[in-house]
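Q: Sequence:
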Amino acid sequence: MASFNISAHKETTNDRLMRSLSLLKPNPPPGRWRKMNFPDPDNNIQLHLNRLGAPQLLSEYLAWIPFDRFTDVGMLVRGGFSVVWKGTVKPLDSRGWASYVPKQLPSWKRWWNNIAVEKRRFPLPEEVGYEPNYAYNHVPRTYALKEIEDFMLPELLYEQLTLQIHIASSGAMPQVIGLSQTNSGKYVMVMTYAVEGNLENTKLEIRSWDVVYQYAYWLAKSLCTIHKAGFTHGDLHPGNIVFYDECFAAIIDVGLGKCFEDANGKSFYGRIEYLPPEIFEEAPYTAASDIYSLGTLLWQMVTRVPPQSTAEKAINTRSDRLREEMIPGAPRIFEDIVRSCWNPDPAQRPEAQELVDRLYKKFNLKMPFSDVTNAFIAKRQAAHQQQQQSNSFNFTPSSLSRFHTLEELRGQINASTGNGEIPN
1 MASFNISAHK
11 ETTNDRLMRS
21 LSLLKPNPPP
31 GRWRKMNFPD
41 PDNNIQLHLN
51 RLGAPQLLSE
61 YLAWIPFDRF
71 TDVGMLVRGG
81 FSVVWKGTVK
91 PLDSRGWASY
101 VPKQLPSWKR
111 WWNNIAVEKR
121 RFPLPEEVGY
131 EPNYAYNHVP
141 RTYALKEIED
151 FMLPELLYEQ
161 LTLQIHIASS
171 GAMPQVIGLS
181 QTNSGKYVMV
191 MTYAVEGNLE
201 NTKLEIRSWD
211 VVYQYAYWLA
221 KSLCTIHKAG
231 FTHGDLHPGN
241 IVFYDECFAA
251 IIDVGLGKCF
261 EDANGKSFYG
271 RIEYLPPEIF
281 EEAPYTAASD
291 IYSLGTLLWQ
301 MVTRVPPQST
311 AEKAINTRSD
321 RLREEMIPGA
331 PRIFEDIVRS
341 CWNPDPAQRP
351 EAQELVDRLY
361 KKFNLKMPFS
371 DVTNAFIAKR
381 QAAHQQQQQS
391 NSFNFTPSSL
401 SRFHTLEELR
411 GQINASTGNG
421 EIPN
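Each step along the sequence shown adds one to the number in the working numbering, with nothing skipped, and position 286 is 286.
Because the hints were derived from the structure by calculation, they are not lab data.
Quick reminder that beta carbons are idealized off the backbone N, C-alpha and C, glycines included.
Treat the hints with care, since some could be wrong.
What the hints assert, rightly or not - For lysine to aspartate or glutamate, the following DMTMM-like pairs were computed, each having C-alpha atoms within a straight-line distance of at most 20 Å:
hint : residue 1 : residue 2
1    : Lys362    : Glu246
2    : Lys366    : Glu205
3    : Lys379    : Asp345
What the hints assert, rightly or not - Estimated spans, in silico, between C-beta atoms of each pair:
hint : residue 1 : residue 2 : range
4    : Gln386    : Tyr136    : 17 to 25 Å
5    : Ser319    : Glu281    : 15 to 23 Å
6    : Asn316    : Asn183    : 50 to 58 Å
Sequences are here, hints too, so could you generate the full structure?
A: What follows is the structure, given as structure tokens:
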């Protein structure tokens, strides 16, 4: 594989911020319902954005939420550079939570709109308001609270931008609601809460291919949203794949890896098992790199174990040059998708939109895992558990993303076991 000097391709943080701001439009609809749910008469959001050195234009998009509005605050996870909490908020208004509600239209127009929506011609007109008769409109809401430092601001912009540009058409991105500040002075980014956890800790039982296709569709849709906004994720791993319910999954922490990139371009941020093979050869990280990592995560969603070794080691030792062994009994379309994502040549991998199109009509494919598939999963899980319990290995990947220099990556590969496997 050819080598590239990625320092020539690096985009500075300021460049990314200016590119983001050039696409933002003031006072979008999400900002209106957020400010109705979290009133800020003193405009504290502008004060705190100024302290963070953040563009004031963001005040049109984000709510300021006093920390004392949160109850039942508890820690969810501690990452390499942040801590994520959760907290519950009750609505202040007697009518409940403000949200998008259908416009009151004449009956003939509602009838035509319903037909048009079914044919996907255009969305049903909506406006911001209250639906007091909606059963869940008065139920307290739980949010994820991610501690934010100044250098993490690009993540805030990245997620907010992708949300603003594409959320109306895709619905595939988690929402950034606003900012708050703890009693100790730490800033937190308030986001929608993934009730079912992430791919590493979820208790969801995925035992049929229709469920796999459903989650795979939303993950591809989420990644497509990111790419259409002009960004790459840069750090796809199981902790960034979250489940909001039994039918919806999404990708979080968009662009966080870019916040931590070494200025000289000679180090990479991420988890070594999920880095695509081109990164080991100093090639630039592109949208196709995200696709490779997505293929690995789709494989892990079925097997529920991390991949062995590294991508570079796998393509150089496996005769099929795939990241992992294919899952026996998998439907042809799933196997084809994973194989295409794992193409060693980034130029030959599919785009996210192609994956969305291929998965779109597979939701109703009712097909439980076969005995051969379940046997393979059980075998891989037993092997993974045995590896975790073993102390005879030189290298154990961390569940946290961190910096890796090229020398370090290659050194870890050399420290792998004789059969080319790095214990998980």
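Q: Against each hint, give a clear statement of whether it holds in the structure.
A: Each hint, compared with the structure:
With a CA separation close to 16 Å, the supplied pair Lys362 and Glu246 stays within the 20 Å bound. Of the supplied pair hints, the one linking Lys366 and Glu205 holds, its CA atoms being roughly 15 Å apart against a limit of 20 Å. Distance restraint check for Lys379 and Asp345: the Cα-Cα separation of roughly 30 Å exceeds the 20 Å cut-off, and the hinted pair is therefore not satisfied. Evaluation of the 17 to 25 Å hint for Gln386 and Tyr136 yields a failure: the beta carbon distance comes to about 45 Å.
Restraint check, Ser319 to Glu281: a C-beta distance of roughly 20 Å satisfies the suggested window 15 to 23 Å. A C-beta distance of roughly 52 Å is found between Asn316 and Asn183, which places it inside the suggested range of 50 to 58 Å.
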